[in-house]
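*Asks:* Each chain, letter by letter, is given below.
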Amino acid sequence: MKRDKTKWIQEVVARYERPLCQYAFRLTGNYESARDAVQDVFLKLWRAKVLEDERTAPWLFRVCRNRCIDMLRKDKPMQTLTDAQAAAVPAPGRSPAEETSLHESASLLLRKLAELPANQAEVIRLKFQQQMSYREIAAVTSLSETNVGYLIHVGIQTLRRQTAQS
Amino acid sequence: MKPIDEIQLTAYALGELSAAERAEIEDRLQSDPAARAAVEEIRALAAQLETELKNAPDISLTDDQRRRVLQPPAPTDGRLVRFSWRRATGFAAVAAAVTLVFGGVLWQASRNLLQNRFAKLCETSEPAISCEIVQTDSQTLDELLVPAELPDLVDAVAPPDLDLEMTAPPEIQDFCPAPVMDSVTELNLASDAISPIVMKGLAPGQMANRSGAGRTASLRCYGGSWAPHPCAVPPENAESYAPIQGNAFKQVANEPLSTFSIDVDTASYANIRRFLRAGQMPPPDAVRIEEMVNYFPYDYAPPQDDVPFAVHVESAACPWNPAHALVKIGLKGKELAADARPPCNLVFLLDVSGSMDCDNKLPLVKKAIQLLARQLTARDRVSIAVYAGAAGLVLPATPASELATIEAAIEHLQAGGSTAGGEGIRLAYDEARKTFLPDGNNRVVLCTDGDFNVGITDSEELAGFIAERAQQGIFLTVLGFGMGNLKDDRLETLADKGNGNYAYVDSFSEARKTLAEQAAGTLFAIAKDVKLQIEFNPAHVSAYRLIGYENRLLAKEDFNDDRKDAGELGAGHVVTAFYELVPVGAESTPGVDPLKYQSREEPPAPPANANPEWLTVKLRYKLPKANQSAKIEVPFVGGAAAFENASADFRFAAGVAAAGLMLRGDPSVLDLDYADAIAWTSGAVGADPGGYRREFLDLLRNAAALAPRPTDAPVPAP
Numbered sequence: 001m002k003r004d005k006t007k008w009i010q011e012v013v014a015r016y017e018r019p020l021c022q023y024a025f026r027l028t029g030n031y032e033s034a035r036d037a038v039q040d041v042f043l044k045l046w047r048a049k050v051l052e053d054e055r056t057a058p059w060l061f062r063v064c065r066n067r068c069i070d071m072l073r074k075d076k077p078m079q080t081l082t083d084a085q086a087a088a089v090p091a092p093g094r095s096p097a098e099e100t101s102l103h104e105s106a107s108l109l110l111r112k113l114a115e116l117p118a119n120q121a122e123v124i125r126l127k128f129q130q131q132m133s134y135r136e137i138a139a140v141t142s143l144s145e146t147n148v149g150y151l152i153h154v155g156i157q158t159l160r161r162q163t164a165q166s
Numbered sequence: 001m002k003p004i005d006e007i008q009l010t011a012y013a014l015g016e017l018s019a020a021e022r023a024e025i026e027d028r029l030q031s032d033p034a035a036r037a038a039v040e041e042i043r044a045l046a047a048q049l050e051t052e053l054k055n056a057p058d059i060s061l062t063d064d065q066r067r068r069v070l071q072p073p074a075p076t077d078g079r080l081v082r083f084s085w086r087r088a089t090g091f092a093a094v095a096a097a098v099t100l101v102f103g104g105v106l107w108q109a110s111r112n113l114l115q116n117r118f119a120k121l122c123e124t125s126e127p128a129i130s131c132e133i134v135q136t137d138s139q140t141l142d143e144l145l146v147p148a149e150l151p152d153l154v155d156a157v158a159p160p161d162l163d164l165e166m167t168a169p170p171e172i173q174d175f176c177p178a179p180v181m182d183s184v185t186e187l188n189l190a191s192d193a194i195s196p197i198v199m200k201g202l203a204p205g206q207m208a209n210r211s212g213a214g215r216t217a218s219l220r221c222y223g224g225s226w227a228p229h230p231c232a233v234p235p236e237n238a239e240s241y242a243p244i245q246g247n248a249f250k251q252v253a254n255e256p257l258s259t260f261s262i263d264v265d266t267a268s269y270a271n272i273r274r275f276l277r278a279g280q281m282p283p284p285d286a287v288r289i290e291e292m293v294n295y296f297p298y299d300y301a302p303p304q305d306d307v308p309f310a311v312h313v314e315s316a317a318c319p320w321n322p323a324h325a326l327v328k329i330g331l332k333g334k335e336l337a338a339d340a341r342p343p344c345n346l347v348f349l350l351d352v353s354g355s356m357d358c359d360n361k362l363p364l365v366k367k368a369i370q371l372l373a374r375q376l377t378a379r380d381r382v383s384i385a386v387y388a389g390a391a392g393l394v395l396p397a398t399p400a401s402e403l404a405t406i407e408a409a410i411e412h413l414q415a416g417g418s419t420a421g422g423e424g425i426r427l428a429y430d431e432a433r434k435t436f437l438p439d440g441n442n443r444v445v446l447c448t449d450g451d452f453n454v455g456i457t458d459s460e461e462l463a464g465f466i467a468e469r470a471q472q473g474i475f476l477t478v479l480g481f482g483m484g485n486l487k488d489d490r491l492e493t494l495a496d497k498g499n500g501n502y503a504y505v506d507s508f509s510e511a512r513k514t515l516a517e518q519a520a521g522t523l524f525a526i527a528k529d530v531k532l533q534i535e536f537n538p539a540h541v542s543a544y545r546l547i548g549y550e551n552r553l554l555a556k557e558d559f560n561d562d563r564k565d566a567g568e569l570g571a572g573h574v575v576t577a578f579y580e581l582v583p584v585g586a587e588s589t590p591g592v593d594p595l596k597y598q599s600r601e602e603p604p605a606p607p608a609n610a611n612p613e614w615l616t617v618k619l620r621y622k623l624p625k626a627n628q629s630a631k632i633e634v635p636f637v638g639g640a641a642a643f644e645n646a647s648a649d650f651r652f653a654a655g656v657a658a659a660g661l662m663l664r665g666d667p668s669v670l671d672l673d674y675a676d677a678i679a680w681t682s683g684a685v686g687a688d689p690g691g692y693r694r695e696f697l698d699l700l701r702n703a704a705a706l707a708p709r710p711t712d713a714p715v716p717a718p
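Protein sequence lines correspond, in order, to chains L and Z. Numbered by our numbering, the letters in the first sequence go through residues 1 to 166 in order. Numbered by our numbering, the letters in the second sequence go through residues 1 to 718 in order.
Hints are supplied without guarantee of correctness; some may be wrong.
Cβ-Cβ distance ranges computed for the label pairs, FRET-style [stated by the list, open to error]:
1) Z:GLN30 x L:LYS5: 51 to 57 Å
2) Z:ALA378 x L:TRP8: 44 to 50 Å
3) Z:ARG43 x L:ASN147: 52 to 58 Å
4) L:GLU52 x Z:ALA337: 30 to 36 Å
5) Z:PRO438 x L:ARG47: 47 to 53 Å
6) Z:GLU460 x L:ASP4: 28 to 34 Å
7) Z:ALA705 x L:VAL50: 51 to 57 Å
8) Z:GLU468 x L:GLU52: 46 to 52 Å
9) L:TRP8 x Z:GLU402: 23 to 29 Å
10) L:THR146 x Z:ALA337: 50 to 56 Å
Note that these hints are calculated values from the structure, not bench results. Bear in mind that the values here come from a model prediction, so they are computed numbers and not experimental data. Ideal placement from N, C-alpha and C gives every residue a C-beta, glycine not left out.
With the sequences and hints as input, model every part of the structure.
*Replies:* Here it is as structure tokens:
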């Protein structure tokens with residue numbers, strides 16, 4: 001049993017390390033915080049049950065998301081943030097390299113994506129970067145599936161319009 | 001044709017629709033070139049996004065971090081969850097801040113219960129509230145989040161009277177010995193005067209409200225419960241009851257017809273008994289008088305001929321208002337001999353979540369099923385499905401003659417895991433359908449302590465699902481176990497929708513009564529959609545009221561409408577209803593002013609040749625497999641017998657009804673006390689084979705001792 005868990009965790013880490021780091025980076029805007037958050041997420045695996053494959057990703061992303069929002073809150077004591085606000089507020093002390101990565105200046109599409117409202121950009125990333133279904137995204141973000149569908153739709157409409165113009 | 005919904009179209013382009021929805025969109029796309037082009041564009045954009053997002057900056061853990069996460073962490077101590085609430089000032093307007101502190105030792109005791117979806121709350125709204133979670137060790141409750149259970153965060157309806165306890169001083173308060181924390185809570189305080197708030201046993205979807213003296217607090221709990229240890233006696237407000245408004249008197253001149261559905265449930269009585277035994281008055285809304293009256297067996301003669309039941313009507317002076325008459329209508333279902341009853345296909349759906357891990361829950365469920373299984377024969381099939389963290393089948397359909405197999409499966413059941421269920425109810429119904437007996441009694445028997453969270457979380461959807469299956473011939477029996485978390489109103493609704501019955505099992509003797517002595521009634525419906533309509537004769541009766549059955553009332557047109565669902569009657573079941581009548585010539589109707597615009601002369605004395613009948617009982621029912629109803633009419637010529645001369649069943653049942661009215665705080669019985677009900681019933685106990693009536697007297701003595709009003713008369717000894 002113990003062995004199985006070790007093996008499972010190795011697999012999970014190998015598979016989700018980078019996707020989670022990317023996601024956490026988007027939420028915190030800061031490499032170091034992102035890594036810390038992901039480390040915390042993986043450490044929790046040791047106390048979690050071995051999950052079936054299809055439940056693993058939503059669990060990881062959800063825990064990661066909560067961890068990031070927690071970290072942002074702690075940076076700003078006495079200030080209350082909704083999740084969306086938290087996701088939108090960049091952490092202080094970003095390096096130029098981080099600044100650059102954050103804006104993904106290489107591509108018009110990704111630049112426009114970064115300009116979308118935070119909640120739309122987040123669900124679009126989960127959908128297209130992590131290949132999650134609406135249902136999984138709903139589980140990660142605590143939004144309803146309908147709401148996820150709406151946010152993705154609106155985000156995509158905006159991106160279509162903006163990329164078609166140029 | 002209306003244009004395709006754009007959000008739906010995006011979902012279609014991204015492959016998010018079900019097969020049926022997809023087919024519908026594809027159909028529409030045939031004739032909509034613009035929409036087809038949009039789909040193409042969305043897909044192209046999606047592909048581009050996927051490609052470009054792959055090239056996003058590559059971030060990974062440091063080698064050091066990776067090494068750390070791949071090593072099992074050192075074991076940590078158990079923990080205690082503590083909550084403290086403190087006020088804070090500063091950020092925006094008047095702010096109340098809520099701090100949750102976690103440290104210490106919770107785990108072992110109720111780890112099973114600690115489950116899913118504890119997430120952060122912290123919604124800020126006007127007025128501002130902040131809520132932060134402070135961790136005193138590295139572990140958060142995030143790990144308890146199990147994604148499959150997340151989507152069912154339900155924001156349900158507020159119960160009427162949930163209470164927030166407000167106490168001082170504000171600093172950390174231990175919440176309860178082993179609190180359960182599986183909730184997302186949202187606090188919304190509008191006060192500058194609230195110090196700490198201790199949540200008392202909030203249950204899923206409940207919302208607490210308190211207002212008064214210019215302050216209000218509301219607290220919502222999503223999908224979990226803040227509850228004390230499952231075996232502890234809870235604050236009553238963890239339980240939810242639908243409000244009941246007692247029936248008022250109706251003028252016969254205006255409403256000569258009274259229509260209602262029968263109810264054979266008895267759960268309310270067992271629940272009241274639990275309260276009274278614990279030395280508490282039950283909340284008035286927990287008292288359903290018809291369920292109290294119907295709890296007791298009455299000695300009604302069974303039907304002689306082919307009809308499924310016999311109707312017995314009796315009248316006497318109303319004990320709590322001698323100017324009124326009391327009419328008792330009793331139905332007795334046909335008894336079924338063991339070999340005459342249809343074969344059974346029973347699927348037990350058991351809640352084995354951690355909260356069931358108390359002596360009066362899962363162990364009692366096991367005993368109850370064993371009792372029942374022993375009533376069955378080789379023709380019958382038993383399956384057992386369980387739900388907790390995941391739903392599963394622990395016993396596929398097994399002939400009841402293989403008692404050892406069944407008992408072994410029962411023995412191996414263990415409580416554990418979170419309550420949130422997978423597809424428990426679907427699984428049970430699917431299993432019932434697989435082994436469907438066309439001529440048999442197909443039934444799902446749900447055993448739960450109330451957190452009914454078995455895969456379909458929307459109450460409406462669940463009720464619809466159960467009603468649909470009932471139409472297909474699979475009925476539902478609900479057995480409620482334990483205490484403290486009982487979702488009485490929900491369970492009753494479910495049983496009703498499932499053409500079934502609902503019983504509350506709080507002890508082994510109750511299990512015996514429901515599942516052994518009255519197994520036939522619990523399991524075999526002999527008639528469904530049983531409705532009663534009483535027509536009163538204005539020559540004799542000026543007004544009436546139905547005692548109890550408040551949530552079973554039907555419109556008069558529903559009586560002949562075979563589509564209207566109504567109650568089931570089981571083999572040998574007895575159903576009793578009381579009407580309190582105001583005879584013509586008695587004082588005016590209580591609570592109703594005389595009509596101003598309808599000149600109504602003094603009621604004439606009934607002409608000598610008038611029809612002597614007081615009323616006619618009309619009964620509609622369907623046989624279990626029938627779609628068309630049949631009707632029975634029983635006229636009744638009343639008489640004003642003295643209460644003392646009425647039958648023992650009449651006197652006992654009337655005393656139970658009176659006690660029910662008192663427990664509900666009905667204004668018509670304010671001058672009564674429990675000693676009166678004891679006096680009326682104590683002489684009517686009779687042979688009392690199961691000891692139920694004697695037990696009731698004992699409960700009445702408890703009620704008398706607990707009642708706030710002064711009792712002048714000494715309580716008679718048994």
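*Asks:* Of all the hints numbered above, which does this structure not satisfy? Sort the numbers upward.
*Replies:* Hints 3, 4, 6, 8, 9 not satisfied by this model.
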